[in-house]
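Participant: What follows is the residue order along each chain.
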Amino acid sequence: MVLININQLTQPPMEQVLNHTDQHYDPEASKLGMWLFIFTELLLFGGLFLIYSVYRYLNPEAFHLAAHELDTFIGAFNTIILLISSMTIAMSTSALQQKNKKLTIILIVTTFILALVFLVNKYFEWGIKFEHGIFPGSEHLINDFSQGEILFFGLYFVMTGLHALHIIAGMIIMIIALVKVQKEITNADRPVLLENAGLYWHLVDLIWIFLFPLFYLIH
Amino acid sequence: MENEKPHIVPYKVYFYILTALITFTMMSIGITHLNLGPYSVLGAMIFAILKSFLVLTFFMHLKFDQPFLRIMVSGVFLLFIAIVLLTFLDYFYR
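Here the protein sequences come in this chain order: A and B. Residue numbers for the first sequence follow our numbering, beginning at 1 and rising by one. Residue numbers for the second sequence follow our numbering, beginning at 1001 and rising by one.
Keep in mind that the hints are not guaranteed to be accurate.
Okay, derived cross-link-like pairs now, DSS-like style, lysine-lysine, Cα gap no bigger than 30 angstroms in a straight line [claimed, not checked]:
{"#": "1", "chain 1": "B", "residue 1": "K1063", "chain 2": "A", "residue 2": "K99"}
{"#": "2", "chain 1": "A", "residue 1": "K180", "chain 2": "B", "residue 2": "K1012"}
{"#": "3", "chain 1": "B", "residue 1": "K1063", "chain 2": "A", "residue 2": "K180"}
{"#": "4", "chain 1": "A", "residue 1": "K180", "chain 2": "A", "residue 2": "K129"}
{"#": "5", "chain 1": "A", "residue 1": "K31", "chain 2": "A", "residue 2": "K180"}
{"#": "6", "chain 1": "A", "residue 1": "K101", "chain 2": "A", "residue 2": "K183"}
{"#": "7", "chain 1": "B", "residue 1": "K1063", "chain 2": "A", "residue 2": "K129"}
Just so you know, the hints here were simulated from the structure itself, not pulled from any lab data.
Take these sequences, add in the hints, and give me the full structure.
Facilitator: Next comes the structure, spelled out in structure tokens:
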């Protein structure tokens, strides 16, 4: 046969291929890819933080007034929930590396439950705002509030809403990690999937670390 | 086992970091209740930066990973700071 497969030209010698039992596992590259994705997320939220700071600079009084509508206690409570969940997901990688599958699963499930608690809090928090007639485009907001306050609540709903979407995405990622750990596809020798799930979750935590003082701690 | 894999972080390290993070959260709430005027936002942001540094260094393993990740992350944060500075230079002097 004179057929030439172009792939053959770029493939390593046969003995190397035969000895290569590891299937496309490159933890460094996986982690680098995750970080590159995290950079795009940081700059996405960075843009929103930039908009926030410019509008706050232009409307300092209105931002102070509007921030009184937010409950510092719920904000602080949610901050602590997220911080604890960050710790549990970080610990899950250590547990996996120590070949403690049971503890790894317990820690991932704990993180998932904490994420759920965060979302339930957010639901009630937003619910109270909606009851008070404060939601994007509401008549109460448009008629009775100043331009600066409308901007504050617009940013509040967009930024915490986008953050909540990231929480939901993080929960889906945790379910995937949980299944892979359970099936031992992700194990002590190949922990990078769980590590990357953790990195994503810490990103969600990192964004909240800045959202909390900027929305809840204006006095 | 511990010697083979130097990247296993002990649980207690994570617990200490969590304690520090919660302490900083409480301190940032405290400082904004002190009525420091324009400095209260500065205080809250300093605590937020300290917290993010702890999360990046320990939870996100930058301390234990290859140095080039640290350099890249610093680069992204410097880029963001540069964008904020340039934007505010525009707003201050227009």
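Participant: Now tell me, hint by hint, if it's right for this structure.
Facilitator: Hint by hint, here is what the structure shows:
no.: 1; hint: B/K1063 <-> A/K99; verdict: holds (23 angstroms)
no.: 2; hint: A/K180 <-> B/K1012; verdict: holds (26 angstroms)
no.: 3; hint: B/K1063 <-> A/K180; verdict: holds (27 angstroms)
no.: 4; hint: A/K180 <-> A/K129; verdict: violated (39 angstroms)
no.: 5; hint: A/K31 <-> A/K180; verdict: holds (17 angstroms)
no.: 6; hint: A/K101 <-> A/K183; verdict: holds (10 angstroms)
no.: 7; hint: B/K1063 <-> A/K129; verdict: violated (41 angstroms)
Hint violations for this structure: numbers 4, 7, all remaining hints satisfied.
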